[in-house]
Each structure stands twice: as structure tokens, then as C-alpha cells.
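*Asks:* What follows is each chain in one-letter form.
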Amino acid sequence: MIKNKNAQKPKGMSFRKAQESKDMNSKRAQEEIVGFTMIILIVAVVLLIFLSISTKNIQKDTIESYEVNSYLQALLQKTSECRSSDNLRYYSVKELMFKCGSAEICLDGQKTCDIFSKELGKVSNQSWNIGEGSPIKGYLLNVTVDGGELKSLSYGNQTRNSKGSSQELTRDSRNFVLEFEAYY
Amino acid sequence: MKNKLGQLKIQQMAFMLIAITIFFVIAGMFALTMSSANNKKDAESIREENAMTLVSKLANSPEFSCGDVFGGEKVTCIDSDKAMILAQKSIEYKTFWGVEHIEIKLINSDVEKLCSLQNYPDCNTINILNNETKGAPISNFVSLCRKESFEGESYDKCEVAKIMVVSKGI
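Line by line, the protein sequences are chains C and P.
Quick note on numbering: the first sequence equals residues 209 to 392 in our numbering.
Quick note on numbering: the second sequence equals residues 3 to 172 in our numbering.
Think of the hints as simulated: they come from the structure by calculation, not from any bench.
Model, not experiment: these values are computed from the prediction.
Just so it is clear, CB atoms sit at the ideal spot from N, CA and C, and this is done for glycine as well.
Be careful, since some hints might not be right.
Stated by the list, open to error - Once the Cα atoms are required to be at most 20 Å apart in a straight line, the calculated SDA-like pairs of lysine to any residue come out as:
(1) P/Lys159 x C/Asp316
(2) P/Lys11 x C/Arg291
(3) P/Lys149 x C/Glu289
(4) C/Lys302 x P/Lys6
(5) C/Lys330 x P/Asn110
(6) C/Lys302 x C/Ile241
(7) C/Lys302 x P/Lys115
(8) P/Lys115 x C/Ser335
(9) P/Lys6 x C/Asp316
(10) C/Lys302 x P/Gly69
(11) C/Lys302 x P/Lys149
(12) P/Lys149 x C/Glu389
(13) P/Lys11 x C/Asp316
(14) C/Lys371 x P/Asp44
(15) C/Lys371 x P/Lys43
To be verified - Calculated Cβ distances over 12 Å to all of chain P for the following chain C residues:
(16) Ala226
(17) Ala252
(18) Val276
(19) Leu283
(20) Lys286
(21) Ser288
(22) Ser300
(23) Ser310
(24) Ile313
(25) Glu327
(26) Gly341
(27) Asn350
(28) Ser370
(29) Gly372
(30) Arg379
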């Protein structure tokens with residue numbers, strides 16, 4: 209009997225030990241899971257940072273566009289309907305922009321600013337075919353003088369994808385900026 | 003018991019290794035897709051740049067460009083009268099530019115009115131080269147300038163136009 213009692217003691221001990229080691233194991237497993245989750249989180253954060261940087265670079269690339277730049281050049285060189293006050297020539301859109309900045313009038317009495325915005329709207333609508341089936345969804349044209357708005361016009365929808373360009377010109381110490389953004 | 007614990011550990015380790023491998027494979031695939039997408043974008047932008055360079059080169063060539071005729075240097079400006087003369091000599095210039103099709107279209111109307119010596123300048127499309135082609139045209143905006151007269155005085159008239167080129171190489 210004594211022998212049996214003695215034999216039972218170590219059995220109880222080993223059960224407790226086994227229980228303890230089981231607890232230890234589950235604790236370790238928990239720690240490992242926490243570690244693994246942390247690794248995944250760190251890698252995910254790094255990937256997200258990488259992704260955001262790369263998408264930022266893509267956006268930068270799409271801003272530069274030869275077509276929009278050429279359009280602005282051609283638009284500024286276009287001859288307008290406004291005849292100069294000396295009756296010698298018609299103003300170009302570029303000259304019209306400068307004249308509008310100083311609120312001058314054409315030979316026929318029309319305001320240069322009215323002709324300027326009419327030219328901008330007419331040419332932009334004809335140049336950028338906006339509508340169903342067209343890849344261009346809209347445009348935004350902004351003209352500023354010394355940081356203040358001179359003319360602004362837009363048409364269609366402004367989507368997340370755009371091609372844009374700007375022209376900076378100086379006349380009589382005044383800084384004129386013409387910006388065009390085509391949305392597609 | 004020890005054996006079982008060891009097996010459990012090995013199993014745990016194996017699962018960990020598999021999970022990490024799968025994770026890195028997915029991350030690698032993602033990175034690969036990203037880089038290939040960037041390469042595609044780069045190739046597209048190079049193609050676009052080449053196309054635009056070709057169009058600008060054509061517009062600024064002595065055969066088309068305005069030069070100093072229209073008061074000062076104009077950027078990508080095409081002399082409308084020169085273009086009309088070239089349109090009459092399309093056979094002689096068939097292989098000169100190495101392109102299949104050149105067309106200049108004024109941005110003033112949706113209705114196409116082909117230019118000829120009879121109706122010029124009351125038209126909006128100058129067809130300079132018109133070889134049969136299946137390629138997609140590349141286009142760019144240009145200024146199309148000519149001399150006009152008003153009350154006996156001549157003045158420069160520039161309009162916004164699009165030059166369309168079809169090339170075999172692009």
C-alpha cells in the first residue's frame with residue numbers, strides 16, 4: 209500500500225508538470241503568433257509606404273504632357289478678333305491676355321477681357337472633344353496675373369487622371385500664368 | 003510526451019516556414035507586377051515622346067515652318083501657304099519624310115472641308131501625304147499661319163490646328 213501511495217505521488221507530479229509544460233507551450237505559441245503578426249504588420253506598413261511613394265511618382269509623370277503644352281503654345285499664338293487701337297493688326301491671344309490685364313478695349317469698343325474669354329472657351333471646346341465615347345472627360349483653364357485670378361473656365365468632369373501644362377509670361381513687371389488641365 | 007512535443011514544435015516551425023514563404027512569394031509577385039507596370043508606363047511614355055518628337059520635327063522643318071515671316075519666332079508654327087504648295091507636290095515628297103500620311107486640320111469646324119487651290123483658304127483640311135495606311139495617327143497641336151488682307155493692308159492670321167502623322171516606325 210505504501211509502495212502504491214509512493215507510486216501515486218510522482219504520477220500526480222508528472223500530471224502537474226505536463227500541465228505546466230502545456231501552459232508554457234501555449235504561452236510560447238501565443239508569443240510566436242504575436243511575433244508573426246508584428247512581422248506581417250511591419251512588412252505591410254513598409255509595402256504601403258512603398259506603394260504610396262510609387263503612386264506619387266506616377267502622378268508626377270502624368271502631369272507633364274506634350275500635347276497640352278503644344279495646345280497652350282498654339283492657343284497663345286492664335287490671332288483674335290480684337291483689332292489693335294492703332295488699326296494696324298489683330299491682337300494674338302497672348303497680347304489679348306496682357307491687354308485684358310490692364311482692362312483695355314479693342315478698336316470696335318469691345319472689352320479685351322470679353323474677347324479673351326470668348327476665344328479661350330471657343331478654341332478649348334473645339335480642340336478638346338468632350339463627350340460620350342471621347343477619352344477626354346473635361347478640362348480646366350486658369351489664367352492668373354500676379355497670383356490673382358484673371359479668367360477661369362472649365363467644362364465637363366474633373367476626374368483623377370489629368371494631363372496638364374502651364375505657361376508663365378511676364379509683361380510690364382506683371383506675371384501672367386496660363387494653366388490648362390485636361391481630364392481623361 | 004517529449005517526442006510529441008518535438009513533433010508539435012517541428013509542425014509549428016513547418017507551418018511558420020510555409021506561411022513566411024507564401025507571404026514573401028506574394029510580396030515578390032506584387033513587387034514584380036508593380037515594376038512591370040512601371041516598365042509598361044515607361045515604354046508608353048518613350049513611344050509618346052518619339053511620336054511627339056516626330057510631329058514637332060516635321061512642323062519645325064524648313065518645308066513647313068513659319069520662320070520669321072509672321073513676326074518673330076513662333077513655336078511649332080506651320081506656314082499654311084507652304085503646306086498648300088507641298089500638298090500639290092505629294093508625289094515628289096512621297097518618301098521624303100519617311101512617313102505614310104501627313105494631314106493638317108484646322109480646329110474651327112466639325113465638318114471636314116478638304117483644301118484645294120480652288121477653295122483655299124475657305125477650307126479646313128490640308129492633305130499633304132495620303133498613302134494608304136493602316137497605322138494609327140499621332141497628332142499634336144500647331145499654329146497654322148497665313149497672310150490675310152483687311153482694307154488693303156496685310157496682316158498675320160494664325161489659327162490653332164492639329165497635325166496628324168502616320169508613321170510605320172511608331
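*Asks:* Next step is simple, just say for each hint if it's right about the structure.
*Replies:* Verification of the supplied hints:
1. P/Lys159 x C/Asp316: 18 Å, holds
2. P/Lys11 x C/Arg291: Judged against 20 Å, a Cα distance of about 90 Å means the pair is violated.
3. P/Lys149 x C/Glu289: Holds, because 15 Å separates the two Cα atoms, which is no more than 20 Å.
4. C/Lys302 x P/Lys6: 86 Å, violated
5. C/Lys330 x P/Asn110: 9 Å, holds
6. C/Lys302 x C/Ile241: Not satisfied, since the Cα-Cα distance of roughly 67 Å exceeds 20 Å.
7. C/Lys302 x P/Lys115: Status violated; Cα separation ~28 Å.
8. P/Lys115 x C/Ser335: 17 Å, holds
9. P/Lys6 x C/Asp316: 101 Å, violated
10. C/Lys302 x P/Gly69: 19 Å, holds
11. C/Lys302 x P/Lys149: 19 Å, holds
12. P/Lys149 x C/Glu389: Violated, because 32 Å separates the two Cα atoms, which is more than 20 Å.
13. P/Lys11 x C/Asp316: The given pair, whose Cα atoms are some 94 Å apart, is violated under the 20 Å limit.
14. C/Lys371 x P/Asp44: 16 Å, holds
15. C/Lys371 x P/Lys43: 15 Å, holds
16. Ala226: Violated, since 7 Å does not exceed 12 Å.
17. Ala252: 9 Å, violated
18. Val276: 9 Å, violated
19. Leu283: 6 Å, violated
20. Lys286: The claim breaks: C/Lys286 does not keep its Cβ more than 12 Å from every Cβ of chain P (closest is about 5 Å).
21. Ser288: 10 Å, violated
22. Ser300: 7 Å, violated
23. Ser310: 21 Å, holds
24. Ile313: 19 Å, holds
25. Glu327: Violated: least Cβ distance 10 Å, not greater than 12 Å.
26. Gly341: 14 Å, holds
27. Asn350: 19 Å, holds
28. Ser370: 15 Å, holds
29. Gly372: 14 Å, holds
30. Arg379: 15 Å, holds
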